[in-house]
Amino acid sequence: MRGRDLGFRLGTGAFALVLIVIVVAIGVELTRQSMLSIQKFGLTFWQTTTWDPVAGDFGALPFIWGTLYSSVLALLLAAPVSLGIAVFISELCPAAFKQPLIFLTELLAAIPSIVYGLWGIFVLVPAVRQLQVLTPDWLRQVPLFSGPPLGVGMLSAGLILAVMVIPFTSSVAREVLRSVPVSQREGAYALGATRFEAIRAALFYARTGIIGAIMLGFGRALGETMAVTMVIGNTPRISTSLYAPQYTMAAVLANEFTEADTELYTHALIEIGLVLFIITLIINVLSRMLIWSMARSAKPRTQPAARPAAAVA
Amino acid sequence: MMQRDTWRKLLSSLFVGFCAMSVLVALLPLAFILFFVVKEGIQALDLAFFVHMPTPVGEVGGGMANAIVGTLILTSLGSLMAIPIGIVSGVYMSEYAGTRYAAAVRFAADTLNGVPSIVIGVFVYGFAVLPFKQFSALAGGVALGIMMIPIIARTTEELLLLVPSTMREGALALGATKARAVFTVVLPAALPGIMTGVILALARIAGETAPLLFTSLNNRFFTTRLDQPIASLTVQVFTYAISPYADWHRQAWAGALVLVGLVLTCSLAARLATRRLERLHAGR
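Just so you know, the protein sequences line up as chains A and B, in that order. In terms of the working numbering, the first sequence opens at residue 84 and continues consecutively. In terms of the working numbering, the second sequence opens at residue 592 and continues consecutively.
It should be emphasised that the hints constitute simulated quantities derived from the structure, not laboratory data. Mixed in with the good hints there might be a few duds.
Unchecked claim - Lysine-lysine pairs mimicking DSS-like chemistry, simulated, CA-CA at most 30 angstroms apart:
| id | chain 1 | residue 1 | chain 2 | residue 2 |
| --- | --- | --- | --- | --- |
| 1 | A | K181 | B | K724 |
| 2 | A | K181 | B | K630 |
| 3 | B | K724 | A | K123 |
Computed from a prediction, not measured in an experiment: that's the story for all the values here.
Let the hints inform the model, and build the full structure from the sequences given.
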């Protein structure tokens, strides 16, 4: 009977191995397929701004810039809102509204990226263009708001990314808040704290997990492809302006991969994919470590799944 | 002192107000998106959309029959690959929860879940398209399958951990092997929940575009061949959305409505099923 249980363990373990193999294989395969570009350009690939497939000259700095800019912008917009939602659902709202609100916010995560993109092109971008037209001249002197009113660009990308990230960050933040012991809040109330002060105490207690939740949202924003591709304007240049069309790593892959006609071009694109993989990997690992350490210190239970329940179960 | 308390109460009310506003701020885009998708989509959605093929450029009308069949084929291929691997890995993670290997698998699953879908597309291109010099439905199915595996594995694990250990112990006490106890007692007990998870994973995967862009590519013709490029609803919506033709935009909205309808139906069904399960458990 021992032997049979061993067989069961090995058999199921072999299936589980597939997951590990895939993750390792992604890293290996992407490295192998980008060797030409890695060898030819080395680190200058990430320091130069020329992206000229015809001349075979590739510099990926604009894509890194656009990816980081759009994700940071999305996070700045989404983080306070996500925390507000998490607090409202876990601490403030009447019990009867809890489940419906959770369902609705998580529906945001269930809507396909392509639908966000479609809505972005035909509804959001014209609205943003209108906003840009109405920008007063003195404000346009500021580099952040300079440039012609195109609609497509960093602002549209940041807005749409923010909406897409909210369900992820708020659902993890809610889980984290739930793991804060009730005694924390009761203690604060007993000392005469107002609601805000008691919740602030709970938020402070949960700070590592909250930071983890925000980072997880950041990881999502970095890799988001379709919606961003459709509204960011796809122009490889570095600009601080919110109004300027720019480009992201994921977007350049989506747009140019099937058009890459030389091997070097393909390898350059795959190198972008490789770096995107490594960055999201690091961000995800860090954020999960923060969330786990928080969950473990609060209660020795299984790790909370770091994703919205509506998108999964 | 009085003044300070007034200030504290005001701050507290402001904070509560901010939190309530946050919920509205998030639900507003949701309402907007659903409103536009339904409004624009309803006008374009007709029987032709489901049964007709795309018309040549410039010709009005036609539908996305090929893309709908394509999406069905691609998601079926993905589930065929992901459901067995996902469920069995989930079984391992819950049965041997404390082991280091299970922790590594869980870590891999969460990592894979966070890998951008476009990167998975590039990865699959490297080993399933490039060597054969052929975009194919099979490659697209593999890409979707890779995205589904971690979702199903983690859902299975979580749901198996909810099954009372007395059930497993009862089976073992009757002399069942571990495999028998798991596959005939524990897994069936968790099956309704797992099915719900699988359906949600399916809905999510059916809405993926990025991993298909350079695996299954697109196809303007009807095909069920697995070694050929195949159309999918999402890629078709993308192609139509960025095209300059008004009639294609109209059809893109119709495609979006179908996708959103699919997701919405699955989410609602899953939520109802979960609630029923919860009540069942509570009643026990």
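Results of checking the hints against the structure:
no.	hint	in the structure
1	A:K181 - B:K724	violated, 52 angstroms
2	A:K181 - B:K630	holds, 29 angstroms
3	B:K724 - A:K123	holds, 25 angstroms
Violated hints amount to a single one, hint 1; each of the other numbered hints is respected by the structure.
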